[in-house]
Amino acid sequence: MQMFLTDTERAAKPDMDRLMAEYGAGLLRLCCLYLKDRAQAEDAVQDTFVKVYEKYDTFEGRSSEKTWITAIAVNTCRNYLRSPWHRRNVGEQGLYLVEQAPPELPDGTVIQAVMKLPTKYREVILLAYYQDMKLRDIAAMLGVPLPTVSTRLKRARRMLEDALKEWYYDE
Amino acid sequence: MNKEAFRRQIDREMADVRLSPERMRRIHSLTDRKGHQAGRSVFPHRLPAALLSVAVAVCALLMLFNRHALLPRISEDRRVFIALDQGEGGGTPEPTPAPTEAAAPADIVGFAAASGVRFTLEAAYTTDSLSLFWRVESDRSDQIAFAFRNFSLEGANETGGLPDELNGVDSLTVLGGTVSGEAMPAIYYGVSQIPIADAGPEITVSLTMPVYRLAEEPRFAHDDDASLDDASLNDALDALNEKRLLLYAGGSVTAAFVRTLENNFDPGGDFWSTRTYAQGTLELAEKCGLVEQLDEISAAFVIDTTQGMPHAAADGQVYSDPAGRYDIRLSAFDMTPLSLYMEYIVTSNDAATSTGRPGELTRTFEVMLDPSDEQTIDERFPEGRTVSHLLLDTSYVDGIVYGCDYELSSLRLTSLPEAIYLVPRSHTFYDKEGTLLRDEAIRVDLTTE
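Residue numbers (our numbering), protein chains in the order written: chain C, 158 to 328; chain A, 105 to 553.
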């Protein structure tokens with residue numbers, strides 16, 4: 158059963174040490190895969206935690222804390238991707254084209270495959286499979302209809318399967 | 105695919121990707137500061153707000169009387185912009201150059217600095233959004249860098265957070281000059297859309313734009329010689345010594361360079377706790393002797409929201425391509441003399457039309473005022489007047505038409521047309537036999553409310 162937070166609980170400022178310990182690494186990895194740039198990802202995570210701190214009193218507990226924070230991180234990354242600064246650096250078409258991963262990121266097989274997905278497929282696979290979010294939450298977060306998320310997820314899986322063949326697909 | 109295995113593998117491959125202690129300290133520094141700010145907020149808010157409103161009104165009146173001749177002429181049915189201030193350190197107001205199109209853009213405010221850098225700001229307003237179109241131009245032969253900071257909006261509640269480029273997060277941009285003998289663009293422009301609510305009769309927008317240039321004699325003003333060992337910083341210094349402010353091929357001072365600077369000069373992270381990305385980067389570069397500030401433009405103006413703006417809307421209307429192969433539903437559509445905001449969903453009526461060949465076919469539309477006109481909107485409004493390309497992409501993959509797609513587009517117009525045309529530009533659209541299908545333009549009528 159979902160427990161809503163009381164006013165007193167909402168008024169309290171969050172324990173940033175706990176939040177960073179609990180979600181920091183996961184968010185940074187999510188942002189790295191989302192933005193394909195380690196430095197920008199660190200900036201995005203920083204912005205996310207600052208927003209979490211500022212807005213924590215508005216968190217009502219209707220979703221899990223992780224989902225709420227992930228939504229803030231995703232919105233931050235999406236703003237980064239839409240920004241003129243990012244577009245000038247990655248090229249206007251870069252949002253949808255397959256790109257080589259920047260060298261400062263790890264050279265892992267799965268993350269390379271994930272980063273080669275177009276943005277709209279990359280984000281759903283990350284949210285559904287890495288962050289374990291429900292499709293309904295993803296749809297609400299991205300502002301697209303639920304069938305769209307489902308379709309994108311199916312397509313993203315097919316793309317990943319093509320890229321990874323039998324590497325990590327054990328079912 | 106097994107979720108758990110996928111997650112474990114990602115974590116394994118990215119095991120080294122963790123928040124650094126420096127970054128955590130900075131986050132603490134930023135949040136602690138905000139906490140202290142909140143705690144010190146004991147001064148009553150209403151009094152300064154009231155005083156500020158009076159001051160703004162007085163300034164607006166004074167500016168209106170004193171600078172009427174300098175302000176763009178205001179037509180009756182246009183939004184009114186009143187410049188409040190026009191530049192510290194040499195900035196002076198200037199009328200915006202006459203547009204090439206017939207409609208006079210009465211609602212443009214221009215600011216020019218003595219350094220030869222010009223800043224132009226225009227806006228369009230609807231009940232729930234404020235679009236700011238901004239343009240920075242440099243008449244100088246050398247490279248300059250600028251940043252926005254201290255952006256503020258008064259007179260309306262903003263509901264979605266200030267745009268990063270205006271809030272100084274990612275607006276650091278280099279303009280003009282030459283790199284390896286090639287002239288670099290001396291103009292940069294963008295559009296920022298700000299969701300607003302509860303707008304009053306006036307919205308006051310203000311921001312500051314410091315302008316920097318490459319230092320005459322780049323120096324490395326820091327005591328710690330050990331920092332010179334950093335390879336990327338040395339690369340940066342080489343570029344600077346060659347009179348190239350452009351540090352990376354991408355066109356901007358990159359976050360990696362910023363990180364190099366901060367690691368060398370600000371290991372504690374306190375410097376950044378009070379500054380945005382762009383502002384901090386330039387200040388740090390100045391502190392290092394790499395750039396020097398030329399001047400600073402402070403722009404402020406009032407948007408009079410009481411006069412009403414011609415408005416057209418086609419929300420929810422569905423338009424089909426002439427062959428009936430697909431529909432475009434405009435799920436959100438706002439058009440003013442200055443802007444077009446459109447979200448759309450494309451739905452195919454016949455999947456067979458996209459099955460000509462495997463792979464991904466991309467539909468690209470251009471929005472045009474006249475489908476027989478070979479010019480695009482961008483070309484019809486030259487000199488950077490159009491601030492955003494309007495290319496609508498929709499994907500068809502392996503015979504599967506994605507039921508919907510999402511895009512947000514905006515552009516600047518100087519007059520309100522009766523209709524616009526979505527003109528397909530991609531010709532990789534085939535039927536089952538592989539025959540190329542030429543698409544016709546889709547006319548979108550704009551109903552004036």
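Source of the hints: derived by calculation from the structure; they are not laboratory data. Incorrect hints may appear among the rest.
In silico EDC-like links for lysine to aspartate or glutamate, alpha-carbon gap of 20 angstroms or less [said to hold, decoys possible]:
no., chain 1, residue 1, chain 2, residue 2
1, C, K273, C, D319
2, C, K208, A, E262
3, C, K311, A, E258
4, C, K212, A, E400
5, C, K208, A, D115
6, A, K107, C, D319
7, C, K208, A, E117
8, C, K223, A, D115
9, C, K273, A, D136
10, C, K223, A, E108
11, C, K291, A, E262
12, C, K273, A, E262
13, A, K107, C, D294
14, A, K107, C, D174
15, A, K107, C, D289
16, C, K273, C, E222
17, C, K170, C, E222
18, C, K273, C, E318
19, C, K212, A, E108
As the structure is a computational prediction, the values presented were derived from the model and not from experiment.
Against the structure, the hints come out as follows:
1. C:K273 / C:D319: Holds: K273 of chain C and D319 of chain C sit about 12 angstroms apart, inside 20 angstroms.
2. C:K208 / A:E262: holds, 15 angstroms
3. C:K311 / A:E258: violated, 45 angstroms
4. C:K212 / A:E400: The given pair, whose Cα atoms are some 33 angstroms apart, is violated under the 20 angstroms limit.
5. C:K208 / A:D115: violated, 25 angstroms
6. A:K107 / C:D319: holds, 17 angstroms
7. C:K208 / A:E117: Outside the cut-off at roughly 28 angstroms; violated.
8. C:K223 / A:D115: holds, 17 angstroms
9. C:K273 / A:D136: violated, 38 angstroms
10. C:K223 / A:E108: Distance of about 17 angstroms is within 20 angstroms: holds.
11. C:K291 / A:E262: Violated - the C-alpha atoms of E262 of chain A and K291 of chain C are around 30 angstroms apart, more than 20 angstroms.
12. C:K273 / A:E262: Cα-Cα ~36 angstroms, so violated.
13. A:K107 / C:D294: holds, 17 angstroms
14. A:K107 / C:D174: violated, 28 angstroms
15. A:K107 / C:D289: holds, 8 angstroms
16. C:K273 / C:E222: Violated, at roughly 29 angstroms.
17. C:K170 / C:E222: holds, 14 angstroms
18. C:K273 / C:E318: Roughly 13 angstroms between the alpha carbons, so the hint for K273 of chain C and E318 of chain C holds.
19. C:K212 / A:E108: Judged against 20 angstroms, a Cα distance of about 31 angstroms means the pair is violated.
When the structure is compared with the earlier hints, violations turn up for hints 3, 4, 5, 7, 9, 11, 12, 14, 16, 19 and for no others.
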